[in-house]
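Construct the entire structure; sequences and hints are all you get.
Each chain, written out:
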Amino acid sequence: MFEIFGVPSQALFGQLLLGLINGSFYALLSLGLAVIFGMLNIINFTHGAQYMIGAFTAFFLLQYAGLGYWSALIIAPILVGLTGVVIERAFLQWLYKLDHLYGLLLTFGLALIIEGVFRNYFGASGLPYQMPEALRGGQNLGFMFLPNYRAWVVAASAAVCLATWFVIERTKLGSYLRAATENPTLVRAFGINVPRMITLTYGFGVALAAFAGVMAAPIYNVSPQMGSDLIIVVFAVVVIGGMGSIMGAIVTGFGLGVVEGLTKVFFPEASNTVIFIVMAIVLLIRPAGLFGRGT
Amino acid sequence: MERVDSLTSAAQVRNLSEPIAFAVMVVVLVIAPFFAYPLFLMQALCFALFACAFNLLIGYVGLLSFGHALYFGWASYLAAHSAKVWGFPPELAILTGAATAAGLGLITGALAIRRQGIYFAMITLALAQMMFFFALQAKFTGGEDGIQAVPRGKLFGFINLGDAMTMYAFVVVIFLAGFLSIHRVIHSPFGEVLKAIRENEPRAISLGYKTDRYKLVAFVLSATLAGVAGATKAIAFQIASLTDVHWTMSGEVVLMTLVGGLGTVFGPVIGAFVIVAMQNYLTVLEQWVSVIQGAIFVACVLLFRRGIIGEIANALRVRL
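Line by line, the protein sequences give chains A and B.
Our numbering applies: residue 1 is where the first sequence begins, and numbers increase by one.
Our numbering applies: residue 296 is where the second sequence begins, and numbers increase by one.
Everything labelled a hint here was simulated from the structure, so no lab data went into it.
Among the hints, erroneous ones may be present.
Derived SDA-like pairs (lysine to any residue); straight-line CA-CA distance at most 20 Å [stated by the list, open to error]:
| hint | chain 1 | residue 1 | chain 2 | residue 2 |
| --- | --- | --- | --- | --- |
| 1 | B | LYS505 | A | LEU284 |
| 2 | A | LYS97 | B | PHE599 |
| 3 | B | LYS434 | A | PHE267 |
Computed from a predicted structure; not experimentally measured.
Printed below as a string of structure tokens:
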């Protein structure tokens, strides 16, 4: 045990780890928002609700189907992603020709509906979700105690983020996607089914949110409001990073999680607000965002 | 010749539509307390002014602020605090609230207008959430309890606002003053520039307008009037609480304006009355209110984007 700037190393690294965990969720969610915004030009306000549905789906799978964490990690994103496909076909597809603002308003309304329904049936207090057997306990690293589950969350979300980055930036499919973002009409002229690509992109972005929700379930309680405050922080993360770059969204997400963790150690009163303060500073210095491309 | 006459008279009716609607509104507000609870009417009027202030931005500059609860809520805190702790008379307490909102609007507006469109909405929402946490942590706001038992006091030292009807009359005067000042702004040369920015900002810039300044002034005006609404609500209902600074309140004012009609003069007023009436009279469905509000959002965006007043104005071919 030693001290850094008068803070015991246990506390400092513990908070750093917590920060990285929050950062994992920021990265996964802001990545999903950026992917969706790139294709649909819609800011998906429902994202927080979809993260919450992901956690609830894991809970239901365990409760009623006896399917544990590992299967939930695969099944929940697929199921929630399918609901995303339905939402895109039923609602969002009518908005592409309108002002961006209508997409925000519609998805905000959907978030109110979803969160309201869950609150009515499951109450405001959270439901516990068991941590998977294999990830209980932890390692003593000497300077800190590392719970296995938390290490897993950081590693898994980093892996998913990087895989997403790889698919979008380095594969053929990703190049179609990027091309359709730049000029959908031209890509369509080459015989690529852009509307279906848009639908699947939304489904994929939503699945990312659900994946984050499943990972969050054992750490936080599964509760109807778990996404609503988080999504506002993620919006600030997106403003800071700018939505132009996939890697930018990932780096900003993890980075801000760490900044938040450090603030909890040195100035706990500001830990709720530090991300918003960083946003204000970034707006003053680099209005387009750290990785942004104008507007 | 006859045809020309009928055309000019039709044009006259069109020009008269707003004054006529305004007269109807004033008459309704005068006789309303004999048919409805003054408390309900005061609540609706405070929200109507709030929605009108919000509409000044979305309807006439094209800026969607998703954080207007910040000005409404903080003005109500400062009005309540100054009336209760500093012993300010109601008119000064409301001015204190409005000044607070103006100051906050200047700072947050200057930050938010650095980005456009969808980012503007996210920035205003994030800044409002930050100030929500400040309100939650600050001592003077009373945290979860809010500031309760705020004295209504005596207006100008001699009009006792303790009486419900007197308070109602005062709220009506404030609402009408705010409404008319917004109307004045919209129809001024300044307002025309705002509309030009809404329609085509690069063009307005190329014509030599410093659009950022116009946007900032409009933002501060909107925040100030939202503050007047919040401060008045704090005095009339004798309470300031976290509800008024929470993001759900920002969402509600968007909903009111959307239901009534974005960019219409009377839409926000109608929208506020509809939503407040829904919350008051559908208490049976209380736990479903947010679900219903969400459904209204979805329906408005998909089916009637013009809103109630927008649809009426469109059907009658008049401006409202």
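Okay, the hints, checked on the actual structure:
1. Using a Cα cut-off of 20 Å, the hinted pair LYS505 (chain B) and LEU284 (chain A) holds, with the two alpha carbons roughly 19 Å apart.
2. Taking the CA atoms of LYS97 (chain A) and PHE599 (chain B), the gap is about 15 Å. The hint holds against a cut of 20 Å.
3. Using a Cα cut-off of 20 Å, the hinted pair LYS434 (chain B) and PHE267 (chain A) holds, with the two alpha carbons roughly 18 Å apart.
Every hint from the earlier list agrees with this structure, and none is contradicted.
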